[in-house]
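Chains V and Y supply the protein sequences, listed in that same order.
With the first sequence counted from 1, adding 3 to any position gets you my numbering.
With the second sequence counted from 1, adding 428 to any position gets you my numbering.
It is worth saying that the hints were derived from the structure and are not from the lab.
Fair warning: there could be bad hints in the mix.
[Said to hold, decoys possible] Far from chain V, some chain Y residues (derived; all Cβ distances over 12 Å):
1) 452
2) 465
3) 518
4) 633
[Stated by the list, open to error] Output of the computed footprint for chain V on chain Y, the stretches with three or more beta carbons under 8 Å from beta carbons of chain V:
5) 522-529
6) 547-558
Keep in mind it's a predicted model, so treat the numbers as computed, not measured.
A virtual CB, placed ideally from N, CA and C, is assigned to each residue, including glycine.
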Amino acid sequence: MGRFVARRVVGMLLVMFAVSVLTFLIFNVIPNGDPADRMAGKNSTPVQIDAIEKEWGFDKSLPVQYATTMEKVFTGDLVSYYTQTNVAEQIRRGIPRTFALAIGAALLWFAMGTALGLYTAIRAGRWSDTLVTVLALIGVSMPVFWLGALASYYLGFKAGLFPNGGYAEIGEEGLWEWVKHMILPWTVLATLFIGVYSRVLRSNVLDTINDDYVRTARAKGLSERRVMIHHVLRNSLIPIVTLWGLDFGAVLGGGAILTETVFDLDGVGQYFAESIGTLDVPPVLAVTLFGAFFIVILNTVVDIVYAALDPRIRLS
Amino acid sequence: MAPNSELLLDVQDLNVSFATEEGIVHAVDEVSLALHAGEVLAVVGESGSGKSVTAMTLMGLTRSPNARFAGSAKLRDLDLVTASDDQLRKVRAEEIAMIFQDPMTSLNPVHRVGRQIVEQIQAHRDVPDGEARDQVVALLERVGIPRARERFDSYPHEFSGGMRQRVMIAMALSCDPAVLIADEPTTALDVTIQAQILEVLKELRTRTNAGIILVTHDLGVVADIADRIAVMYAGRIVEQGSTDEIFYNPQHPYTWGLLGSITRVDRPRPTRLPSIPGMPPSLITRPQGCHFRPRCPHAHDACLAKPELIARVGGESGHTDRCVVTPERKAALRETDGQIGLVAGGVTG
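Construct the entire structure; sequences and hints are all you get.
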């Protein structure tokens, strides 16, 4: 276990290093104007621009520029080329919004995906299975920006059931307001995943149900419910948990860009999207590292959980 | 077998068929069996003869939307064919338990072996965890698993095939069932382990008064454990009798063939192991009359009518068979076929 953790930590550092270098290089190739000029603003003097160039190392070679930028990432001094706001502060502001969206939606899609997957597998071939299958297909096919816009317009703006986007702080506006603001984003983000997860689980269950040990479980005189949950679902869920961990990591790291933007949650993902729009290298770099961190961490967690769920798998 | 011992299982004219895309598969056709307490009944036949489907049907494990059943299979007073799912669930493991062919896949890989047996005990009896654990350890010791208390917490993949089959036997025994069905319990194991598992089963029949149905394709396996043998072919029982009767006075040409394909150390070794020529028939389009007719060297016109399973040889042993040839003629044919059974293509003595 110790060796496993050590290897994973080293691997994570290497991945983050590679991600930061690549992001940095990509934005160096894309024409986006002189960064010092952009940072100094419209009414700047050559002296100001010079000072910024010196501070950020823009007059030096590329590796030096990378090093100074990364130093600022870790000291929290990184500022946007475009708005001159502190990047770390912006991300810190976005984290509760992004986490609220990610955790709520991930729980929702895991629960619904599992329930619908198990239901359709038990009802395989009947009309209710077909109905849910069609709904799942529709769910998978609807783009988030479209579904989100429709939900926001009809349920929010027109019907007035939900607020028209935005985020409510629990501390300021109370739990109920917060929930009301999150219901649509959670549902819209989860819809796609529910479709995928229910289909994957359905086929896993249908594979498992014919396994010999399920026949043994029946021969033991267990109730059908216990056979389904303790033997069939327990084994069918293992690949789903893996999938869930990876998707959850991506959303936690700001991957739900469309949902955050459509509902104006102003989380990390939306910050990322805006920064890309203005070719603002520091926030893009920082959010990319932020996202990579969660993906790598969740990958490790998934491996540990996988080994815990399936005793045939051993870490190392 | 003690005479007049309790009749545990009474199967009458059991028919099982499955609707498939190719047509209706008649897997079990008019099978009648009886099993008494303390008796070992071997059901012998090649793959696809319906022996496993018969066994599974007794456990209710063949129930599915495309399966059709007829006849009855009474376990004491309960008809296993018409029992509700709930009734069936209650007798499974408690009254009738099963050991499966492939121990490698019959245990759930993600649960500890001991827990899997405890689960069965607690499904039927209100036993606290600690007590159930002690019971399971005792069972594991009884079937010959060393260091049972430690092995309780092992996972199936940490056991060899033979050890897993012992776990399956311990599981089957855990609720003291009256009937134990062993469906090819040794087929997936190598020969030395086979012998050990058979020893466990033999020991078990002497210690408990359970009736055992041993399903196998290997007559060699049943010779010294079975009291009675039922030979199945293409869904039907073609011959049934005491082990001695089947081995020393076989009446059905198919049984002759089966006996002929056992390797025997007391006879000169043939260059090739004798086999029955031809293939078993399709269970969708079965031959008219006797199912063995197309492969039988002694078939004649009378074989086009369906033969009944009746006593044709004398004696009160209950020896029945489905071959219309008279016993005298059979005796003569057996002589000319030689003691090894049917003369198979390519066999030179």
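Against the structure, the hints:
1. For residue 452 of chain Y, the requirement that its beta carbon stay farther than 12 Å from each beta carbon of chain V is met, with the minimum near 19 Å.
2. The beta carbon of residue 465 of chain Y sits about 21 Å from the closest Cβ of chain V, which is more than 12 Å, so the claim that it is off the interface holds.
3. The non-interface label for residue 518 of chain Y is inconsistent with chain V: the shortest C-beta to C-beta separation is roughly 7 Å, within 12 Å.
4. With a cut of 12 Å on Cβ distances, residue 633 of chain Y stays outside the contact zone with chain V, its closest approach being about 20 Å.
5. Figure legend: the stretch 522-529 of chain Y, annotated as covered by chain V; annotation consistent (4 residues with Cβ-Cβ distances under 8 Å, at least 3 required).
6. Only when three residues or more bring their CB closer than 8 Å to a CB of chain V does the claim for the stretch 547-558 of chain Y stand; here the count is 4, and the claim holds.
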